[in-house]
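Colleague: Chains as they are written, first to last, in UniProt numbering: chain A, 1 to 256; chain W, 1 to 256; chain D, 1 to 256; chain L, 1 to 256.
Possibly wrong hints are sitting among the right ones.
Because identical chains share one entry, a pair is satisfied inside a single copy or across any pair of copies.
Unchecked claim - Computed cross-link-like contacts, SDA-like style, restricted to lysine to any residue with a CA-CA straight-line distance of at most 25 Å: (1) Lys145 x Gly190; (2) Lys145 x Pro171; (3) Lys145 x Arg97; (4) Lys178 x Ser65; (5) Lys178 x Val188; (6) Lys145 x Gly170; (7) Lys178 x Asn144; (8) Lys145 x Thr89; (9) Lys145 x Pro243; (10) Lys178 x Gly151; (11) Lys178 x Gly244; (12) Lys145 x Glu91; (13) Lys145 x Ser65; (14) Lys145 x Thr176; (15) Lys145 x Pro112; (16) Lys145 x Gly182; (17) Lys145 x Arg20; (18) Lys145 x Glu56; (19) Lys145 x Val202; (20) Lys178 x Glu69; (21) Lys145 x Asp174; (22) Lys145 x Thr86; (23) Lys145 x Ala95; (24) Lys178 x Glu143; (25) Lys145 x Ala23.
Keep in mind the hints are simulated off the structure, nothing from the lab.
Number of protein chains: 4
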Amino acid sequence: MTPNAPSRPTRVAVLGASGRMGAAACRAVEEAPDLELVARIGRGDELSAITEAGAEVAIDLTIPSVTAENVRWLVEHGIHAVVGTTGWTEESLEALRTQLEGAEGVGVLIAPNFAIGAVLAMRFAEIAARYYDSAEIIEMHHENKLDAPSGTARHTAAAIARGRAEAGLGPVPDATEKDPDGARGAVVDGIHVHAVRQRGLVAHEVVQFGGVGEQFVLRHDSFDRISFMPGVLLGVREVAAHPGLTVGLDGYMDLG
Amino acid sequence: MTPNAPSRPTRVAVLGASGRMGAAACRAVEEAPDLELVARIGRGDELSAITEAGAEVAIDLTIPSVTAENVRWLVEHGIHAVVGTTGWTEESLEALRTQLEGAEGVGVLIAPNFAIGAVLAMRFAEIAARYYDSAEIIEMHHENKLDAPSGTARHTAAAIARGRAEAGLGPVPDATEKDPDGARGAVVDGIHVHAVRQRGLVAHEVVQFGGVGEQFVLRHDSFDRISFMPGVLLGVREVAAHPGLTVGLDGYMDLG
Amino acid sequence: MTPNAPSRPTRVAVLGASGRMGAAACRAVEEAPDLELVARIGRGDELSAITEAGAEVAIDLTIPSVTAENVRWLVEHGIHAVVGTTGWTEESLEALRTQLEGAEGVGVLIAPNFAIGAVLAMRFAEIAARYYDSAEIIEMHHENKLDAPSGTARHTAAAIARGRAEAGLGPVPDATEKDPDGARGAVVDGIHVHAVRQRGLVAHEVVQFGGVGEQFVLRHDSFDRISFMPGVLLGVREVAAHPGLTVGLDGYMDLG
Amino acid sequence: MTPNAPSRPTRVAVLGASGRMGAAACRAVEEAPDLELVARIGRGDELSAITEAGAEVAIDLTIPSVTAENVRWLVEHGIHAVVGTTGWTEESLEALRTQLEGAEGVGVLIAPNFAIGAVLAMRFAEIAARYYDSAEIIEMHHENKLDAPSGTARHTAAAIARGRAEAGLGPVPDATEKDPDGARGAVVDGIHVHAVRQRGLVAHEVVQFGGVGEQFVLRHDSFDRISFMPGVLLGVREVAAHPGLTVGLDGYMDLG
């Protein structure tokens, strides 16, 4: 997407600029004609460099132990924040909401997943789930991933379960009587989830729906970390127009 | 989907009951606990049998030359109509709209495609199109299909073009300079469309979206004509709650 | 495939002609110009009808408890046999081999799977396995299947394990440390196997291979029981040219 | 694949070491425990550095205008050559064959495609083609590719045509009467070939076969240039055992 360039570029700071995601975000901001990278904050750098540089929006791609503190500081100084770091708890989110009530016009986006395709897959899965008897998830990742299934697959299973509940659907049909080795995979919120680990892959999700005589499939492939950047930039461009706290990139997307 | 059975089954007539689609509809209505098949109308049968049987909803699966006349008769007699026959023109639709203004509470659904999955694919394609640089369609059918590409693929291309226009996206990127044999396929509303014809297939559509480092795919497979029946039944169940004319099954679906 | 029609059609009997597979085989033989259906043997029919009809080849699609006895009778009477019934043991196969030594020129084919595509997938999987670090299987079936994973998936896993052993490959790479719900599926001969159960599907197998920067995929879809018939006819046409016992349709296929 | 490391590493030179493929080859050789990189030859470097370094095998990844001359020099000096450069003609191949007759024990491999998966797909496609009525190819590449369809797709179409001819199959079934925009794609050796161009993709090929009630699919995905390296290393390890000229990596692979 190439939005209309505003008259003046938005001034952006990146926290966690020396990490892999942070470095990719710096490059993405630099290449966007409507954005200007004014501060790269790495470990040990003072946050005051952000205000000194006149940043309007900050991207936090740091680590769980410092992100909440960073965002509190940013809101305190009237800087919008786009946050990709995990580790937020109900308590830290609640504290942030309270702080934002007193910070008029400041927006914060906390997004566990900046891949637009993963967000689309999750949303579409919830809708499609209403219309099909069967639903199953296959997530596929590189061979070095430590946990199974992926967090995205768990979230997608939850979305499917919500869609099925809304439509009054019961359990998925499954006549399996004999599965001595566990080939039917994990069951998350009533939905079977399979995890493939394969050298050469990055991050992929397939959601399959089945009804009498038909199949409906959603698939998202992330071939590269860079695929998160359009989502990050979407957040940066929209955060000022969404005061208060938004959790999930879909809050900024027009999925209706 | 197993909706809550109403206290009394809805009384349903099928027009075109001796055709293949009509016969399948008769079976589907008979097997639905909340519906009752009260009239099968074939070629040469009198329409009056529909009112005599006390039908509340009629399914029209006849042929282009008679469907408009059938529907006019049904509306005249206060019977809701669910129509899968093609051949409607802007003129015949307009005449029907005018008639329906004077027929309070009567609903008509005209749906060119009753496959819920095809409707979902089209709707999701329009939304996803806003977020990706590239979009392309591959439709696949049995080897006896006479035309290419399919009507569904053409409609999907139009939906993608709408989504791209809404997002201010220009033409899809494509550096092709040399394509002597036409491998890049058809271009419909700016979107490349490929048609595969293969023995053993029925009706399949794949929509692929691409951005830097990622891919998003929608796929619908119709393995059997019976896959249209859930859409027909959805229409029958919802038509009374939607007075006036609705074109497209998506008008009855909650896709938000 | 349209083989050259021989001067005189081969005379074929079908045992188990009233079962679903048997009925399909009868139709397939009747439609083949180079074959002639001369006897349909159902439960209770005398086998002598086969010799009386002058059958040269018999297709056995009966049940495990009678197939060995049927085939013994056929070999005794000099009739070639193409057998799709399961239930053969090492003992019954050995007895048949011994009998065939004294029945010069008589051929018997016992094939656990007549789907040519499944045979190809298994053979190609063994070859491809030599060249890839990772290999994983996803089998998908209708929701009424009782066991998981499928027999074909188990055989394919064994074929992959053979291929890896030939190439001196060790275990597949897999860093999974945390998989509380069993998302990584079954492990058969060292290969992860996933079983999807979905309404609307019939029988499908996907074999995925991965190496640094690449993926190789084999996929077979059976949409209908009729997909076994080309394999049955291949057996009927080739059995006379392969005296003695052959186990597996691949013995008749040119896969080199 | 982790072959048994030989007692002494093979000494390897890379020509075209400063190009992208050449640089990747240097890294791959350095990382292989059974190989030793002894010379990197870039533009302007003297070939004599190869013999001075005691190289046993040379990898030529230069450009069409110099590759033939390079290989002639290598053979003259008794060095085995693995060549990935295109631009070889019937004449230059013939001259090389003649030279090799007088160079006992020297092996040369010229491979237009070092992706093992593409070689497998092509070989398997030729075999599978014998058993299916329908066959079609979809190749998919990044949006900057200049020509369509890809060379690999053309070679695969030729392989399918050979397979069909061996089996006595006629033209693929196709009832298309109306295709005003060319959705049926290119026809290469009687096989329909479709080219998709999509941002985020690299190089992908899908080969679909269809018969009554079934489908068989071969798919190869190259996500990265690095996927060619296992093929290059396979060539380096095998070239000494294959004196004379071999065209195509499949000559070194055990595909039987």
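Colleague: Compare the structure with each hint and give your call.
Modeller: Outcome of the hint check:
1. Lys145 x Gly190: Answer is both; intra-copy 24 Å and inter-copy 19 Å each pass.
2. Lys145 x Pro171: Intra 30 Å, inter 16 Å, cutoff 25 Å: inter-copy only.
3. Lys145 x Arg97: neither (33 Å within a copy, 49 Å between copies)
4. Lys178 x Ser65: Answer is between: at 22 Å across copies they meet the 25 Å cutoff, but 46 Å inside does not.
5. Lys178 x Val188: Classified as both; 20 Å inside a copy, 15 Å across copies.
6. Lys145 x Gly170: Close across copies (19 Å), not inside one copy (33 Å); limit 25 Å.
7. Lys178 x Asn144: between (31 Å within a copy, 12 Å between copies)
8. Lys145 x Thr89: Intra 24 Å, inter 42 Å, cutoff 25 Å: intra-copy only.
9. Lys145 x Pro243: Close neither inside one copy (36 Å) nor across copies (43 Å); limit 25 Å.
10. Lys178 x Gly151: between (28 Å within a copy, 12 Å between copies)
11. Lys178 x Gly244: So Lys178 and Gly244 fail the 25 Å test inside a copy (52 Å) and across (36 Å) alike.
12. Lys145 x Glu91: Close neither inside one copy (29 Å) nor across copies (46 Å); limit 25 Å.
13. Lys145 x Ser65: Within one copy, since 22 Å is at most 25 Å while 45 Å is not.
14. Lys145 x Thr176: between (29 Å within a copy, 6 Å between copies)
15. Lys145 x Pro112: within (17 Å within a copy, 35 Å between copies)
16. Lys145 x Gly182: both (20 Å within a copy, 15 Å between copies)
17. Lys145 x Arg20: Answer is within: at 17 Å inside a copy they meet the 25 Å cutoff, but 29 Å across does not.
18. Lys145 x Glu56: neither (36 Å within a copy, 39 Å between copies)
19. Lys145 x Val202: both (10 Å within a copy, 23 Å between copies)
20. Lys178 x Glu69: neither (52 Å within a copy, 30 Å between copies)
21. Lys145 x Asp174: The answer is between: 8 Å across copies meets 25 Å, while 29 Å in one copy does not.
22. Lys145 x Thr86: For Lys145 and Thr86, only the intra-copy Cα distance (17 Å) is at most 25 Å; the inter-copy one is 38 Å.
23. Lys145 x Ala95: neither (33 Å within a copy, 51 Å between copies)
24. Lys178 x Glu143: between (29 Å within a copy, 13 Å between copies)
25. Lys145 x Ala23: Close inside one copy (22 Å), not across copies (28 Å); limit 25 Å.
Violated hints, listed in ascending order, are 3, 9, 11, 12, 18, 20 and 23; each of the other numbered hints is respected by the structure.
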